[in-house]
Amino acid sequence: MKKKRNRSRPALPLQERLKQIAFRAREKAEGSPPGYERDRLIRAAVATESAAAIERWLTSPGLQRPK
Numbered sequence: 002m003k004k005k006r007n008r009s010r011p012a013l014p015l016q017e018r019l020k021q022i023a024f025r026a027r028e029k030a031e032g033s034p035p036g037y038e039r040d041r042l043i044r045a046a047v048a049t050e051s052a053a054a055i056e057r058w059l060t061s062p063g064l065q066r067p068k
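Position 50 (the sequence shown) corresponds to 51 in our numbering; numbering is contiguous.
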């Protein structure tokens, strides 16, 4: 007998979750002193914003090229 997967749906759409993650990372970076941790947080925010842009592009009608 197969077990049923215990799945739950995310409360927010992917676009919103990515936006929140990037926002939180930038907020933490602003409050951190210059150094490795701040650079890591900024890189994480940029990567998350890039992921959001790619996701937006992939889900757009007609898959227009980036501008």
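Errors might be hidden in some of the hints.
[To be verified] Pair by pair, the computed Cβ-Cβ distance ranges are:
(1) 63 to 14: 38 to 46 Å
(2) 18 to 62: 18 to 26 Å
(3) 62 to 12: 44 to 52 Å
(4) 24 to 60: 16 to 24 Å
[What the hints assert, rightly or not] With a cut-off of at most 25 Å between alpha-carbon atoms, the simulated DMTMM-like pairs for lysine to aspartate or glutamate come out as follows:
(5) 20 to 40
(6) 29 to 50
(7) 4 to 17
(8) 20 to 31
(9) 20 to 50
(10) 20 to 38
(11) 20 to 56
(12) 3 to 17
Treat the hints as calculated values from the structure; they're not laboratory data. Owing to the predicted nature of the structure, the values given are computational and were not obtained by experimental measurement. Glycine residues also receive a C-beta, built at the ideal position from the N, C-alpha and C atoms.
Broken hints, numbered, in rising order?
1, 3, 7 and 12
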